[in-house]
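Assemble the complex: chain A is given as a structure, and chain B must be docked to it using the hints.
If you want the building blocks of each chain, they are given just below.
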Amino acid sequence: MVDTKVNLSGVELDNPVIPASGTFGYGYEFAELYDINILGSFSFKGTTLQPRFGNPTPRIAECSEGMINSVGLQNPGVDKVISEEIPKMAKCFNKPVVANVSGFSLDEYAQVVRRLDSVPQIGIFEVNISCPNVHNGGMSFGTDPKNAADVVKRVKAETNKPVYVKLTPNVTDITEIAVACEAAGADGLSLINTLLGMRIDLKTKKPVIANKMGGFSGPAIFPVALQMVYKVYEKVNIPIIGMGGISSAEDVIEMMLAGATAVEVGAANLVNPYASRDIINDLERVMKKYNIERLCDIIGGAH
Amino acid sequence: MEQIVIFEIEKNEKLAKDVYRMKLIGDTKNITKTGQFVNIKIEGLYLRRPISVCLAEENELTLIYKVVGKGTEKMAEMKKGEKLDILVGLGNGYDTSKSGEYPLLVGGGVGVPPLYGLCKELISMGKKPTVILGFNTADEVFLQQEFCELGAKVYVATADGSYGEKGFVTDVMIKLDYSYFYTCGPEPMFRAIEKVAKTSGQFSFEERMGCGFGACMGCSCKTKYGNKRICKDGPVLEREEIIW
Chain A
1 MVDTKVNLSG VELDNPVIPA SGTFGYGYEF AELYDINILG SFSFKGTTLQ PRFGNPTPRI
61 AECSEGMINS VGLQNPGVDK VISEEIPKMA KCFNKPVVAN VSGFSLDEYA QVVRRLDSVP
121 QIGIFEVNIS CPNVHNGGMS FGTDPKNAAD VVKRVKAETN KPVYVKLTPN VTDITEIAVA
181 CEAAGADGLS LINTLLGMRI DLKTKKPVIA NKMGGFSGPA IFPVALQMVY KVYEKVNIPI
241 IGMGGISSAE DVIEMMLAGA TAVEVGAANL VNPYASRDII NDLERVMKKY NIERLCDIIG
301 GAH
Chain B
1001 MEQIVIFEIE KNEKLAKDVY RMKLIGDTKN ITKTGQFVNI KIEGLYLRRP ISVCLAEENE
1061 LTLIYKVVGK GTEKMAEMKK GEKLDILVGL GNGYDTSKSG EYPLLVGGGV GVPPLYGLCK
1121 ELISMGKKPT VILGFNTADE VFLQQEFCEL GAKVYVATAD GSYGEKGFVT DVMIKLDYSY
1181 FYTCGPEPMF RAIEKVAKTS GQFSFEERMG CGFGACMGCS CKTKYGNKRI CKDGPVLERE
1241 EIIW
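As they're listed, the protein sequences go chains A and B.
With the working numbering applied, the first sequence covers 1 to 303.
With the working numbering applied, the second sequence covers 1001 to 1244.
Simulated from the structure, these hints should not be mistaken for laboratory data.
Careful: at least some of the hints might be erroneous.
The calculated lysine-lysine pairs, modelled on DSS-like cross-linking and capped at a C-alpha distance of 25 Å, are [stated by the list, open to error]:
1. B:Lys-1070 with A:Lys-205
2. B:Lys-1127 with B:Lys-1033
3. B:Lys-1127 with B:Lys-1175
4. A:Lys-212 with B:Lys-1222
5. B:Lys-1070 with B:Lys-1041
6. A:Lys-205 with B:Lys-1074
7. A:Lys-203 with B:Lys-1074
8. A:Lys-203 with B:Lys-1041
9. B:Lys-1066 with B:Lys-1120
10. A:Lys-206 with B:Lys-1070
11. B:Lys-1070 with A:Lys-212
12. A:Lys-203 with B:Lys-1014
13. B:Lys-1198 with B:Lys-1120
14. A:Lys-206 with B:Lys-1066
15. B:Lys-1224 with A:Lys-88
16. A:Lys-206 with B:Lys-1222
17. B:Lys-1023 with B:Lys-1066
18. B:Lys-1228 with A:Lys-91
19. B:Lys-1066 with A:Lys-203
20. B:Lys-1127 with B:Lys-1153
21. A:Lys-206 with B:Lys-1074
22. B:Lys-1083 with B:Lys-1014
23. B:Lys-1228 with A:Lys-88
24. A:Lys-212 with B:Lys-1228
25. A:Lys-205 with B:Lys-1066
26. B:Lys-1222 with A:Lys-88
27. B:Lys-1224 with A:Lys-80
28. B:Lys-1080 with B:Lys-1070
29. B:Lys-1228 with A:Lys-80
30. B:Lys-1128 with B:Lys-1198
31. A:Lys-80 with A:Lys-91
32. A:Lys-156 with A:Lys-146
33. B:Lys-1070 with A:Lys-203
34. B:Lys-1222 with A:Lys-80
35. B:Lys-1029 with B:Lys-1080
36. B:Lys-1070 with B:Lys-1017
The following block holds chain A by itself, in its conformation from the complex (with noise of 0.2 Å):
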């Protein structure tokens, strides 16, 4: 029997395998699929102060060995998430929830992460600072080491549960940004949210997406992602959430090899409904194979 335990600042999962942010909703949806509880946890959809129906359609591109979103945040905003989204969500998951937050000024990170505070099933807050759709806020709070750092102290002021700050990779240092989050008290990282890109309709010769760019996620960006993990690994001393195209057991363990504590699996979910379950499920077998025990004594190996 192989141990796959791991431990984000005093929560411990079952396993690391977490459903990303966007990619699972509230978890109501896969429940009709499989009983997610097999799950270390799960991020829900990114939540703002207002309800946001996010950006005009078409939203979806197709890329080689991934796909291209550009949703913008689209959620009923923070009193519907509590009201509604949350109660639903708690009959079909039992576990501590990771709470996905954006906002558009300081005081709206702020005032999100106030009112979600007291959800009991609330176990870590992820402060999103990174997302590439939409204007005035997300990535820009996450481009300037200065301007996250004012964000997660503002919410560590809101909160006693863990803080981990996810981060852009549309940077030139993302240990610069990294280092100035642990140093204004995140508890923790989740890196990397989705490369800007693009795509252009041969036919009508135009962007495919109405919003012309969007988030480039899928397999395709894993080794960007790992060398990110692993830059950000030598540089702070606070646990990382790797991600950025997981879809196999062997991605698990290579990106905590290459620092990450727990892993999130972002668009895999959404080419097969059971992936992150057929993840877990595979874990013990690669485990064995590679003559690994206890996943969390192999955080950082490969440094």
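Okay, now just chain B, sitting in the frame of chain A:
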């Protein structure tokens, strides 16, 4: 509930210009309503490809698709015996309880196939459906004979007049009386139908999708009853809720 099913291709034949019919053998029990769609994994492509269900019978699935891009190009090259990984039972499907006695089914181009399963169901319920099929030109016409064999009254309209009545489906529609309507096809056709329809009805929409089962919010639209996901809350929307 396992909704990914491996199907085996029984037949894959050209039906009209760029239009193919694929018959597949496999478990169809999770396809519960006409008007639903399936999402097909195609080797070498990342996202699944959503295709409407033409007919789902015990252990046999019929899809009719038009070659419009890489995914459908690859499908058209597939042969009997090849296997496909398909996510089944997606979307809300048509609500047949509202049809009345004389429902009208209006299909445009590659929007025609899901109306076949619907027509079959309505006839089995004892209803008397009339069908209008619209195409651009004669060599695009398909399924006319099959609808006739079900026992429906069938009109065909072509935009260039090379087959059937010259004009659009709405040129036929305005001459008919019906208790309710169901339609699937391109959005310009929907807008024309909305202008002339005499009753309530249901429209089956198409949109670029990420997942096809309601997770990614890739295919959201606004309706009078709030935001809906074409893949999960649709693809069928009622006339009364649509914002044009």
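Structure-based check of each hint:
1. B:Lys-1070 with A:Lys-205: 17 Å, holds
2. B:Lys-1127 with B:Lys-1033: Answer holds: B:Lys-1127 to B:Lys-1033 is near 17 Å, not above 25 Å.
3. B:Lys-1127 with B:Lys-1175: With a Cα-Cα distance of about 20 Å, the restraint between B:Lys-1127 and B:Lys-1175 holds, given a limit of 25 Å.
4. A:Lys-212 with B:Lys-1222: The given pair, whose Cα atoms are some 20 Å apart, holds under the 25 Å limit.
5. B:Lys-1070 with B:Lys-1041: Distance ~12 Å between B:Lys-1070 and B:Lys-1041 Cα, so the pair holds.
6. A:Lys-205 with B:Lys-1074: 23 Å, holds
7. A:Lys-203 with B:Lys-1074: 18 Å, holds
8. A:Lys-203 with B:Lys-1041: The given pair, whose Cα atoms are some 24 Å apart, holds under the 25 Å limit.
9. B:Lys-1066 with B:Lys-1120: Within the cut-off at roughly 22 Å; holds.
10. A:Lys-206 with B:Lys-1070: 18 Å, holds
11. B:Lys-1070 with A:Lys-212: 21 Å, holds
12. A:Lys-203 with B:Lys-1014: 23 Å, holds
13. B:Lys-1198 with B:Lys-1120: Distance ~23 Å between B:Lys-1198 and B:Lys-1120 Cα, so the pair holds.
14. A:Lys-206 with B:Lys-1066: 22 Å, holds
15. B:Lys-1224 with A:Lys-88: Holds, because 24 Å separates the two Cα atoms, which is no more than 25 Å.
16. A:Lys-206 with B:Lys-1222: Measuring from Cα to Cα gives roughly 24 Å; hence the hint holds.
17. B:Lys-1023 with B:Lys-1066: Holds - the C-alpha atoms of B:Lys-1066 and B:Lys-1023 are around 15 Å apart, at most 25 Å.
18. B:Lys-1228 with A:Lys-91: 22 Å, holds
19. B:Lys-1066 with A:Lys-203: Holds - the C-alpha atoms of A:Lys-203 and B:Lys-1066 are around 16 Å apart, at most 25 Å.
20. B:Lys-1127 with B:Lys-1153: Between B:Lys-1127 and B:Lys-1153 the Cα gap is close to 12 Å, so the pair holds against 25 Å.
21. A:Lys-206 with B:Lys-1074: Cα-Cα ~24 Å, so holds.
22. B:Lys-1083 with B:Lys-1014: 19 Å, holds
23. B:Lys-1228 with A:Lys-88: 18 Å, holds
24. A:Lys-212 with B:Lys-1228: Holds. A:Lys-212 to B:Lys-1228 sits at ~23 Å (cutoff 25 Å).
25. A:Lys-205 with B:Lys-1066: 21 Å, holds
26. B:Lys-1222 with A:Lys-88: Answer holds: B:Lys-1222 to A:Lys-88 is near 22 Å, not above 25 Å.
27. B:Lys-1224 with A:Lys-80: 18 Å, holds
28. B:Lys-1080 with B:Lys-1070: Holds, at roughly 20 Å.
29. B:Lys-1228 with A:Lys-80: 16 Å, holds
30. B:Lys-1128 with B:Lys-1198: 18 Å, holds
31. A:Lys-80 with A:Lys-91: Holds, because 16 Å separates the two Cα atoms, which is no more than 25 Å.
32. A:Lys-156 with A:Lys-146: This hinted pair holds, its Cα atoms lying about 15 Å apart.
33. B:Lys-1070 with A:Lys-203: 13 Å, holds
34. B:Lys-1222 with A:Lys-80: The hint holds at about 18 Å.
35. B:Lys-1029 with B:Lys-1080: With Cα atoms ~22 Å apart, B:Lys-1029 and B:Lys-1080 stay inside 25 Å; holds.
36. B:Lys-1070 with B:Lys-1017: It holds: about 17 Å lies between the C-alpha atoms, which stays within 25 Å.
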